[in-house]
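Hey, can you work out the whole structure from these sequences and the hints?
2 protein chains.
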Amino acid sequence: MPKYLEEFNPPIRLLLGPGPSNVNPRVLQAMSAPLLGHLDPDFLDIMDDVRDMLRIVFKTKNEITIPISGTGSAGMEAAIVNVIEPGDTMVVGINGYFGDRIAQIGERSGATVARVNAEWGLPLDPDKLNEELKKHKRVKAVAMVHAETSTGIRSPAKEITAIAHAHDALVIIDTVTSLGGIEVAMDDWDADVSYSGTQKCLGCPPGLSPVTFGPRAESVISNRKTPVQSWYLDTSLLKNYWSQNRAYHHTAPISMIYGLREGLRVVLEEGLDNRFSRHEYNAAALRKGIEAMGMEMFAQEDSRLPTLNTIRIPEGIDDAKVRRSLLTEHNIEIGGGLGPVAGKIWRIGLMGENSNKEAVVSVLSALEVVLNEQGAEMTPGTGASAAEAFYAS
Amino acid sequence: MPKYLEEFNPPIRLLLGPGPSNVNPRVLQAMSAPLLGHLDPDFLDIMDDVRDMLRIVFKTKNEITIPISGTGSAGMEAAIVNVIEPGDTMVVGINGYFGDRIAQIGERSGATVARVNAEWGLPLDPDKLNEELKKHKRVKAVAMVHAETSTGIRSPAKEITAIAHAHDALVIIDTVTSLGGIEVAMDDWDADVSYSGTQKCLGCPPGLSPVTFGPRAESVISNRKTPVQSWYLDTSLLKNYWSQNRAYHHTAPISMIYGLREGLRVVLEEGLDNRFSRHEYNAAALRKGIEAMGMEMFAQEDSRLPTLNTIRIPEGIDDAKVRRSLLTEHNIEIGGGLGPVAGKIWRIGLMGENSNKEAVVSVLSALEVVLNEQGAEMTPGTGASAAEAFYAS
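Sequence lines, in order, name chains A and B. Each residue of the first sequence is one higher than the one before, counting from 1 in the numbering used here. Each residue of the second sequence is one higher than the one before, counting from 1001 in the numbering used here.
In case anyone wonders, no lab produced these hints; they're calculated from the structure. Among the clues, some could well be false.
Stated by the list, open to error - Derived BS3-like pairs: lysine-lysine, alpha-carbon spacing no greater than 25 Å straight-line:
{"id": "1", "chain 1": "B", "residue 1": "Lys-1158", "chain 2": "A", "residue 2": "Lys-239"}
{"id": "2", "chain 1": "A", "residue 1": "Lys-239", "chain 2": "A", "residue 2": "Lys-59"}
{"id": "3", "chain 1": "B", "residue 1": "Lys-1061", "chain 2": "B", "residue 2": "Lys-1158"}
{"id": "4", "chain 1": "B", "residue 1": "Lys-1158", "chain 2": "B", "residue 2": "Lys-1059"}
{"id": "5", "chain 1": "B", "residue 1": "Lys-1003", "chain 2": "A", "residue 2": "Lys-59"}
{"id": "6", "chain 1": "B", "residue 1": "Lys-1158", "chain 2": "B", "residue 2": "Lys-1137"}
{"id": "7", "chain 1": "A", "residue 1": "Lys-61", "chain 2": "A", "residue 2": "Lys-239"}
{"id": "8", "chain 1": "B", "residue 1": "Lys-1239", "chain 2": "A", "residue 2": "Lys-3"}
{"id": "9", "chain 1": "B", "residue 1": "Lys-1225", "chain 2": "B", "residue 2": "Lys-1239"}
{"id": "10", "chain 1": "A", "residue 1": "Lys-158", "chain 2": "A", "residue 2": "Lys-61"}
{"id": "11", "chain 1": "B", "residue 1": "Lys-1239", "chain 2": "B", "residue 2": "Lys-1061"}
{"id": "12", "chain 1": "A", "residue 1": "Lys-3", "chain 2": "B", "residue 2": "Lys-1061"}
{"id": "13", "chain 1": "A", "residue 1": "Lys-3", "chain 2": "B", "residue 2": "Lys-1059"}
{"id": "14", "chain 1": "A", "residue 1": "Lys-59", "chain 2": "A", "residue 2": "Lys-158"}
{"id": "15", "chain 1": "A", "residue 1": "Lys-61", "chain 2": "B", "residue 2": "Lys-1003"}
{"id": "16", "chain 1": "A", "residue 1": "Lys-137", "chain 2": "A", "residue 2": "Lys-225"}
{"id": "17", "chain 1": "A", "residue 1": "Lys-158", "chain 2": "A", "residue 2": "Lys-137"}
{"id": "18", "chain 1": "A", "residue 1": "Lys-344", "chain 2": "A", "residue 2": "Lys-321"}
If you're wondering where the values come from, they're calculated on a predicted model, not measured in any experiment.
In structure tokens form, the structure reads like this:
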């Protein structure tokens, strides 16, 4: 019998990498409901619910607040291609892997991209972005990553938005690793465009990308001289399906939308503030354990994300071996470094469902076992007990 | 309590529209399995299974045979943007709504598009395509819809492929409403590019688009002078994730891939030939019933699809009212017409799981009740008993 005909039986893992994270069983249950048609009045009600809840989570009144029918990278592309036309200038803040991806997509959209780099592990520098903006006559958009998944760094979204607007540029903000885990406040920031993913702090599987476009962005889009290069991601078509027009565009991924509705319900039942505190609290416990084990965090202290925690790999430790042992011996996934920090850092995500004490204690305990196997002498229980002490305090 | 916080409780419908169709419970069950990471070796094995089975279903050995992480329209866009560069010429056969969509996406990709129209309800005319090709010095691609979802028509894919190749053009074939329901034979046709959807004859939810690119298409792609305008849909990046390189591109929609693996298993357990016969058989029964009720099929007889059946709406009947009654009183969804045939035809999909006797008898019986309510005098049971007689014969 060919392998593909074998019964489906995936192992159960604790997903503490950069996402996906483990999904609330209620979300999986919702996804297994029988399907409705994509224009069924009952499905249209579900779409309205999703849109209403996404507005709460993004803290916005933006009309165009919808899930793109693709993963976070499709949302990134949607954010860019809708506002950028060939010949435009874009300024992109880059302090990690995903900032660089924005720049690449901007170039593929015909923009001239000015890259403003910051060291990986540090936040973006608003002053440097301001200096770059001064060099150009007209910048269409400034793009930045609020929460860099590759380094675990938070950058100042509100401050950078104000700078972009002072130069009459839109701001595009990647909130893939922040939305639902740390505060994203589109209207308070006065930000224009944002995109996220469902598989991180929203506690759903990957496959949808919540996006929001504010009034300035809508005005830029309606004044375009050329059509949006992507038909699939064109918000002027998408909004006709998601608004009361209900004009057919593409067939929505019904089951994923079911899951997102349930995931957003779970988020709102907990409450955003409670959720943000929980993410901070468990990340603090993880850091206590890591430091007790004699290791160092990578991201700059005042800008560390609670959702994605980066740790310097100790000298003499084999990165790949550690992660493989964690996965195969302990059923725990953590992430390795990307690009210039490959082999130098580990990334431990504590996102959505997985921001909890059991996950923190399990990963610290397993990491200690694996490191000891590699000859890093640690007193057994050091990390986990430091975390336990933090929780008890 | 706001409506969005209410418990999730969608109604159960028989989905006999143009898709989605009802999904095998095994597929929904697979989708509710706990998630793996997108680079977990166990998930990579699942990707291999999906790729192997897609090759069987497309009847191809093509290396690039993968599901795009978006719906069928994303697959359409992927098929076009990977091979088309600004300034290229494309010839598009149009005999319905989806042929026109191809032309629109071609234009957004920078192509000059020559539209070769056929009447809605008729197949594409290979001679007319050949005449058009003769007018151009160099055509990059000919695109066609194998199974037009808007009209229920099958067009001659193998013949049109040969014509395209005689003019040194690639052929791009939309198999959204054929793959898994009627034969698609990429290698036998010698075709270059195809895309499909999961929510029709493959019996999965919408959200993924299986695509395949053959050697001629790969060669065109590797000789491009400009980057593919879409980063998300760029097959030269996607193939590095789906091949043994396993290079991270985007986060795959894990649960949807689980569902597709199970859906393809169901397809292969039945066997493609059995599946094609089943689709023909149930569509024949439906037609017997429709004709017994005094109604006429819309699509030209020798080119009718068994997967999507189009019926002329009788004089004096209110299209919207009929479909609304079917949905709300009988929990059956059928499709209305699009574009020039809006209000003139109904579309009854018998795809995947839903190509069965119960669906045929239920829709005929319910349609008769609803038509009688509108004053179309029919002897009760005419349609359903004609279908029953066909099944008994």
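Handout entry: 25 Å Cα cutoff - pair Lys-1239/B, Lys-3/A
Key = holds (21 Å)
Handout entry: Lys-1239/B paired with Lys-1061/B [C-alpha distance capped at 25 Å]
Key = holds (15 Å)
Exercise for the section: For the pair supplied as a hint, Lys-1158/B and Lys-1059/B, confirm whether the alpha-carbon distance does not exceed 25 Å. Expected result: Given pair Lys-1158/B, Lys-1059/B holds - Cα atoms ~13 Å apart, limit 25 Å.
Exercise for the section: Please work out if Lys-1003/B and Lys-59/A have their alpha carbons no farther apart than 25 Å. Expected result: holds (18 Å)
Practice task
Could you grab the alpha-carbon distance between Lys-1158/B and Lys-1137/B and see if it respects the 25 Å cut-off?
Solution key: holds (23 Å)
Problem - Given pair status - Lys-1003/B, Lys-61/A, alpha carbons within 25 Å - result: With a Cα-Cα distance of about 18 Å, the restraint between Lys-61/A and Lys-1003/B holds, given a limit of 25 Å.
Practice task
Starting from Lys-158/A, check that the Cα of Lys-61/A is at most 25 Å away, please.
Solution key: OK: Lys-158/A and Lys-61/A at ~17 Å, within 25 Å.
Handout entry: Proposed proximity, Lys-321/A with Lys-344/A (alpha carbon, max 25 Å)
Key = Distance of about 13 Å is within 25 Å: holds.
Practice task
Below or equal to 25 Å on CA atoms is what counts here, so check Lys-1225/B against Lys-1239/B.
Solution key: holds (19 Å)
Handout entry: Straight-line alpha-carbon gap Lys-3/A to Lys-1059/B, limit 25 Å
Key = holds (18 Å)
Handout entry: Straight-line alpha-carbon gap Lys-158/A to Lys-137/A, limit 25 Å
Key = holds (23 Å)
Handout entry: Straight-line alpha-carbon gap Lys-1061/B to Lys-1158/B, limit 25 Å
Key = Roughly 17 Å between the alpha carbons, so the hint for Lys-1061/B and Lys-1158/B holds.
Comparing the model with each earlier hint shows a violation of hint 1 alone; every other hint is respected.
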